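Below are the chains, spelled out letter by letter.
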Amino acid sequence: MLYREAGQFKSSYASDQAIFPIRQDKIGIALILVVALLVVPFVASNYVLNSILVPFLVFSTAAIGLNIVTGYCGQVSLGTGGFMACGAFFAFKLTTAFPDIHIILIFLLAGFGTALVGIVFGLPSLRIKGFYLAIATLAAQFFLIWMFTQNPWWTNYNPAGVITAPPRALFGDFYITGVRATPVGKYLFLVCFVTILALVAKNLVRSALGRAWMAIRDMDIAAEIMGIRPMMAKLSAFAVSSFFIGISGALWAFIYTASVEALAFEVTRSFQVLFMIIIGGLGSILGSFLGAAFIVLLPILLNSAPAMVGIRMSTELLTHLEFMIFGALIVFFLIVEPQGLARLWQIGKEKLRRWPFPY
Amino acid sequence: MSEILADPLPLDGDAPEAARVFDEVLLSVDNITLTFGGVTALSNIGFDIRKGEIRAIIGPNGAGKTSMLNVINGFYHPQQGKITFKGEERRRMRPHNAAKQGIARTFQNVALFKGMTTLDNVMTGRLLKMKTNMFWQAIYWGPNQREEIKHREFCEHIIDFLEIQAIRKTPVGRLPYGMQKRVELARALAMEPELLLLDEPMAGMNIEEKEDMSRFILDVNDQFGTTIALIEHDMSVVMDLSDRVVVLDYGRKLADGTPAAVSRDQKVIDAYLGVGH
Ligand SMILES: Nc1ncnc2c1ncn2[C@@H]1O[C@H](COP(=O)(O)OP(=O)(O)O)[C@@H](O)[C@H]1O
Ligand SMILES: [Mg+2]
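Residue numbers (the numbering used here), protein chains in the order written: chain A, 1 to 359; chain B, 1001 to 1277.
No lab work stands behind these hints, which were simulated from the structure alone. Keep in mind it's a predicted model, so treat the numbers as computed, not measured. All clues given are correct.
Label-pair distances were calculated between CB atoms; the ranges are:
# : chain 1 : residue 1 : chain 2 : residue 2 : range
1 : A       : V336      : B       : W1141     : 30 to 40 angstroms
2 : A       : A30       : B       : Q1165     : 28 to 38 angstroms
3 : A       : A97       : B       : F1161     : 54 to 64 angstroms
4 : B       : K1086     : A       : A97       : 51 to 61 angstroms
5 : A       : D220      : B       : E1153     : 26 to 36 angstroms
6 : B       : F1161     : A       : T268      : 46 to 56 angstroms
7 : B       : K1086     : A       : K129      : 30 to 40 angstroms
Ideal Cβ positions, reconstructed from N, Cα and C, are used throughout, including at glycine.
Kindly generate the complete structure, drawing on both the sequences and the hints.
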């Protein structure tokens, strides 16, 4: 009875097509944002901000990006790490070459640059599918990381091959990168920026473009007879996906770690983001957040939970345990619930809608 | 004939018996030959489809009916022959070009977008008509929302027309087979096609579902003026629905004419009874 759309009649298509058609969802999202913006900054420790919330928001952006090409358009990609590296290095080159350009514009330009790279490496998807496409994107991953490690131009000839984010302010003295940026400042900026990005992604997937992507994913032959050009649909998915992933890479390098080398975006990063969308839910923006939260939180929980109940484990055992739990979960979600945590959430909502009556 | 036909034609007298006359050729295929390796799926097929008619394509399994539709909407490229659509000889094209020219279709095996709702499936039929660019789609509000609402209204008309309101928000993968066939028809209709190709729209349906589907096909033809090419095995349905019939057998054209004439044709009778092979 708590979660009901009963009595909420839609009198126009506009309200039926609203982003959150059910009032409880609207209130829920508003509440989350209010807490995130007005409560969390005052109660969260620097550790929670720096090591949990900031990486969660950065990973969420990457997961949204991968979800667009893989979850919505059905094109498997293992190039996420490489595209994140593109975003990081493009942003670094741009902001060191043009220090006066506003940092938000730098992030967006890095995203657009990565989108172009995504289009190029999305070309094989026009001919190959599934496993073979995954291998082709893996090649992109290795090529991109190789390029950024081999060519010192990308790091402005830094001897260690590391890029360090120069200080940049959002406005006035409000620094979000560099030494003068505070954890709270970084966090607040990310909450707003990532919310807007998620909104953009949600808008795209519920518009014509999103339907074209999903049509290609579900039945490419039928999509073509609806007039969808597979090339346009697939390449636009790669472009938009890489835009988000590129921005997440820039956020990673500039806001999360502040200084980074190309190897931070190795293929393990690609798999990590892929696991996020599998666990969170393929083809779901909400799932991208849930998956990111899950994968950021799990190692932390594993590290602290045994100690809390008085069991002492070696760090080695913990790492192995982490791998095993991930493996089991991936298998579980792939086989039992391909739509991931987002689907479990939805089932929960459907149950709640009927509650307390079982039928 | 049947109550199905008598219903939507409020003409005086024996309406169903009065043959409808169609003059304007919408699509004509000439000398089409299509082979796969050693298999000849179609050999020297020629017939036309006239504007406004319901044209049945019948024949035993493997006769080449589906292949013919695949040629018409650009999936297969015949080795020989020409296709003229709306008076213009067609160059080699892909299915999405055919869609742009106004050819829609349904498949023998349902080919819906399984992860999407009924409404979203039908809305894909409007994709070619939606013009707002990616920027406005990312903003959503403004021109994109106006366009979404406009096309939603159109799709709702089709949803009402095919009586699938109740399953609007259901992912189509969860629908029973008969309903899926209906959603597939809705999706094709959303394209406002000039030529609608239906590949066994009633296969696997029970009598009631067949009657519903027959009524929808007649209504579509009648109310939207859509030209329809229909592949169907059930001869009574073919007799009731179609204006003209072309009969294929082993990739060859066996007969072409009104349902009554075709059903009297000895070659057709033999083919259906399996004589002569
Ligand atoms: N893609 C294909 N590759 C090889 N053979 C095909 C292909 N499509 C159709 N055929 C062959 O063409 C013939 C006609 O098939 P089809 O058009 O599906 O018949 P119908 O729809 O009348 O039952 C069959 O012998 C079939 O095996
Ligand atoms: Mg067939």
